[in-house]
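Chains as they are written, first to last, in the numbering used here: chain A, 1 to 251; chain B, 252 to 606; chain C, 607 to 677.
Worth flagging that the hints you see were computed from the coordinates, not collected in a lab.
Where a beta carbon is used, it is the ideal one built from N, C-alpha and C, also for glycine.
Some hints here could point you the wrong way.
Said to hold, decoys possible - Derived lysine to any residue pairs resembling SDA-like cross-links, with alpha carbons at most 20 angstroms apart:
hint, chain 1, residue 1, chain 2, residue 2
1, A, 3, C, 660
2, A, 3, C, 651
3, A, 186, C, 651
4, A, 186, A, 226
5, B, 254, B, 437
6, B, 594, B, 483
7, B, 452, A, 3
Stated by the list, open to error - Reference listing, derived: stretches of chain C covered by chain A, where coverage requires no fewer than 3 residues with Cβ under 8 angstroms from a Cβ of chain A:
hint, segment
8, 619 to 625
9, 658 to 666
To be verified - Ranges between beta-carbon positions, derived for each pair:
hint, chain 1, residue 1, chain 2, residue 2, range
10, A, 234, C, 628, 19 to 27 angstroms
11, A, 200, C, 628, 56 to 64 angstroms
12, B, 383, A, 166, 37 to 45 angstroms
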Amino acid sequence: MEKVYTRPRSLKKVTFHYCPGCGHSIVHRIMCEVIDEMNLQERAIGIPPPGCSVFAYHYFDVDMAESAHGRGAAVATGIKRAYPEAIVFTYQGDGDLAAIGTGETIHAANRGERVTAIFINNAVYGMTGGQMAPTTLLEQKTTTTPYGRDIKLEGYPIKISEMLALTKGAVYIERTAVNSPANIRKTKKAIHKAFQTQIDDLGFSLVEILSPCPTNWRMTPLEAWQWIDKVMTKEYPLGVIKDVTGKEDAD
Amino acid sequence: MPKVLMTGNAAIGEAAIRAGCQCYFGYPITPQNELTEYMAAHLSRRKGCSFIQAESEIAAINMVYGASVAGARAMTSSSSPGISLKQEGISYLAACELPAVIVNMSRGGPGLGSISAAQSDYFQATRGGGHGDYRTIVLAPSSVQELADFTHSAFDLADRYLIPVIILGDGMLGQMMEPVEFKHEAPDELPIRSRALRGAKGRPSRIIKTFTSKPAELEEINWSLFRRYQLIKKQETTYDTFMVEDARLIVVAFGIAARIAKGAINTARANGLKVGMLRPITLWPFPTEEVKELAKNAKQYLVFEMNMGQMVEDVQLALEGKGEVSFYGRPGGVIPTPSEVYKVISRLYYQKGLK
Amino acid sequence: MSTKGYIEIDQELCKGCEICIHFCPKHAISQSNKVNASGYPPASFDTSGECTGCAICAVVCPEVAIEVYRA
C-alpha cells in the first residue's frame, strides 16, 4: 500500500496548541498543502495576528513577521511594496481584520495591494476568552453579550467580505468553511486561487473561512462543526462573493 | 556640490532619497505636507521605490514596519498628533529591532493644538513614547542644512543599531527656506540586511517577533536592547557648544529654539555678558556627560524651550544638583524672538549676581 | 484487515475531538478507552473494518494525526 495522506512539508512537526476541533489547525494544514503544491515555501512571507493564532509561526515553515493587532494589511502592504517578489499573506481573525483592522483592510483592498488575506471568522474573540466579535450573530451569547447580541445595543453581524467586494481593488473574495470534508476541500481550492491571484498580479484577494470555536461556543467539537451549517451559514452564506479574475477555478 | 535654496520639508525628502530611502508612507498633516508631497513627486517613480499616501498615520507606520521587515530603508513623517498615533508601531519597531526613520515636524499641542512650531514632543520622543521599555535615537536639527544632514545619518544610524530613529523638527524648520548642500548621491544599490525576511530560500525560515509566553525570555530581550542603548550612549551622543569656555551662564536649547537663543546670546555678548550655549543634537542619548563637564566651571543654566518644560528635567538630572537651573518656555506654537530671550538672559544674569 | 486501505492515528497527537469518527463513511474509527499523555481519549482505528483509504478522516483531522495508506 502507498501512503496517500501525510503532513505537508511546510507544516512544522509541532503539536498544535489549539483546542480539540478548532478550525485553525485545519486551515494551517491546508494552507501548507497549497504552499507545497504551488512551490511557495521560499517566497512566502506570512503575517499572523495577535489572537489564538499568534503562534502561527511555530507551525508554518515560512518567513513570518508579527504584527500589531489589526495592522496586518498595512504590514503586508509594506512588505509587498518593499519586496514584490514575495508572496505575502495575512492570517487574521474577525477582530483583527474587521474591528480594529477595518481601516487597514479596506484600504489595502481598495488600493488593490497584491496581497492575500486569510480571514478566520469564528464569530467570537477566542484568545481573550470569548467576547463579542463584529461577526457575532444576533442573539448569540458571548462574555460581553451575556443576554445575546441585541440589535439596538450592538448592531448587526458585519459583512466585511461583501463590503470589501465593493472596492475595485479587491478582485477575488470567497467565503468557505472548514466544518466538513467537502468544505475543507473547497477552502483549499479557494486558498489556491487566492494565491494564484497574487502571483498573477491581479489585485487583492481574500478568503473568509467560517471556523469552529468549540471552547467559546460552549459546544463539543462535533456540535460546533454542525452549528456552522445549521446557524452560521444562514447569516454568512458560503460561496464566491466576487471574482473578476477571469480565470477558471484551479482544479 | 552647489547649494540650493529649499524649504526644510523638501530638504528632508531630497536627503532621504539620497540616503537610499526606498519606501515612504505618510499622511497629510500640517506643517509637514510639503515633505509628503515631495516624496510623491520624487520617490514614487524611482525604480524599486514605493510611495503611499496611507489611510492614516497608523497605517503608515505599520507599512514602514512591513517594509523594514523586508529589508528596505523606510521612512514616515507626521506632526505631533499623528506621531501620537504612531506610538504603537514605533514600539513594535523597537521591539523587533527594525530600522526605520520617523520625522516629526512638531506643532503646538496638546490635542489638535495649533499648526505653528513648538517643541512639546520632547518627552514623547525621548522617553520611548509608546508602551514598554525602549528608546529611539532622537536627532534635533536646527537648520535646513542639518535637516538634510541628519536625515542622511538617521538612515545609517537606524541600520547600524537596528533601532527606529526620530528626527525631531518643527513647523518653522519645515517651512523656512535656507541654502542647503547635499553631500551624498543616492546609492545604486544597498546591501540587504541579514535579518530581513525575503522568503526562506536556501536557509531555514525566520521569524520576526517578540511576543513570548515566557517572561524570562522577554526579560532577556529587554536587557539585550538596553545593552545596545548603552553602546549608543557611548558612541553617538552628539552636541554643539557655543561660547561656553568662559561662560558664567549657559543656555541649553535645541532645534529652532537654539537658533533663536544664538541671536540672544550674541546680543548678550555684545553687552558684556558672559553667556554661552549647549545645544544637544542627540536628544536621546542626552549629552549628560557634557553637562557634568560644563558644571565644573559654570553653575547657572537657563533652559529655553518652546514648551512647558521638558528638556529642563534632563538638564536637572544631568547636573545632579551641581548647578542651578532656570527655565524659560513658551508653548502653544508661539515663536519667541531673540530680543525677548535676551531680556530673560540679562535679567537672570543680574538676578544671580553674575559678573 | 481491509485490503483496500488502512490508517495510522498518532495516539499522542490526537485530542479526542471525535470528528473523524463522525465522518468516516465505513465507521472504522471509534474512541479509545485509554487516555493519552495530554489527557485526551484518542481515536482508535478498527483494523477489522472496511477502510477504503478514502482519507476523509485525515482531511478533517485538526491535529494532522492521521496518515492514510491505500492499495
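Mind checking, does the segment 658 to 666 of chain C have 3 or more residues with a CB under 8 angstroms from chain A? Coverage by chain A holds for the segment 658 to 666 of chain C (6 residues, Cβ < 8 angstroms).
Agreement of residue 3 of chain A and residue 660 of chain C with the hint, judged by alpha carbon distance not exceeding 20 angstroms: holds (12 angstroms)
Within 20 angstroms, alpha carbon to alpha carbon, are residue 186 of chain A and residue 651 of chain C? Roughly 27 angstroms separates the two Cα atoms, so the pair is violated.
Does the alpha-carbon distance linking residue 186 of chain A and residue 226 of chain A stay inside the 20 angstroms limit? Holds, because 17 angstroms separates the two Cα atoms, which is no more than 20 angstroms.
Confirm or reject the claim that residue 383 of chain B and residue 166 of chain A have a C-beta distance inside 37 to 45 angstroms. Holds - the Cβ-Cβ distance for residue 383 of chain B and residue 166 of chain A, about 38 angstroms, lies within 37 to 45 angstroms.
Are 3 or more residues of the segment 619 to 625 of chain C near chain A, judged by a Cβ distance of less than 8 angstroms? holds (count 6)
Given hint residue 3 of chain A paired with residue 452 of chain B - CA-CA distance at most 20 angstroms: At roughly 28 angstroms apart (the allowed maximum being 20 angstroms), residue 3 of chain A and residue 452 of chain B break the hint.
Take a quick look at whether residue 594 of chain B and residue 483 of chain B sit within 20 angstroms of each other, Cα to Cα. Violated. Residue 594 of chain B to residue 483 of chain B sits at ~38 angstroms, over the 20 angstroms cutoff.
Decide if the proposed pair is consistent with the structure: residue 254 of chain B and residue 437 of chain B, CA atoms, cutoff 20 angstroms inclusive. Within the cut-off at roughly 17 angstroms; holds.
Measuring from beta carbon to beta carbon, are residue 234 of chain A and residue 628 of chain C in 19 to 27 angstroms? Given range 19 to 27 angstroms: holds, Cβ gap about 22 angstroms.
Could you say whether the range 56 to 64 angstroms given as a hint is met by the Cβ separation of residue 200 of chain A and residue 628 of chain C? This hint is violated: roughly 38 angstroms between Cβ atoms.
Residue 3 of chain A paired with residue 651 of chain C [C-alpha distance capped at 20 angstroms]: At roughly 16 angstroms apart (the allowed maximum being 20 angstroms), residue 651 of chain C and residue 3 of chain A satisfy the hint.
The structure is inconsistent with the numbered hints 3, 6, 7 and 11, although it conforms to all the rest.
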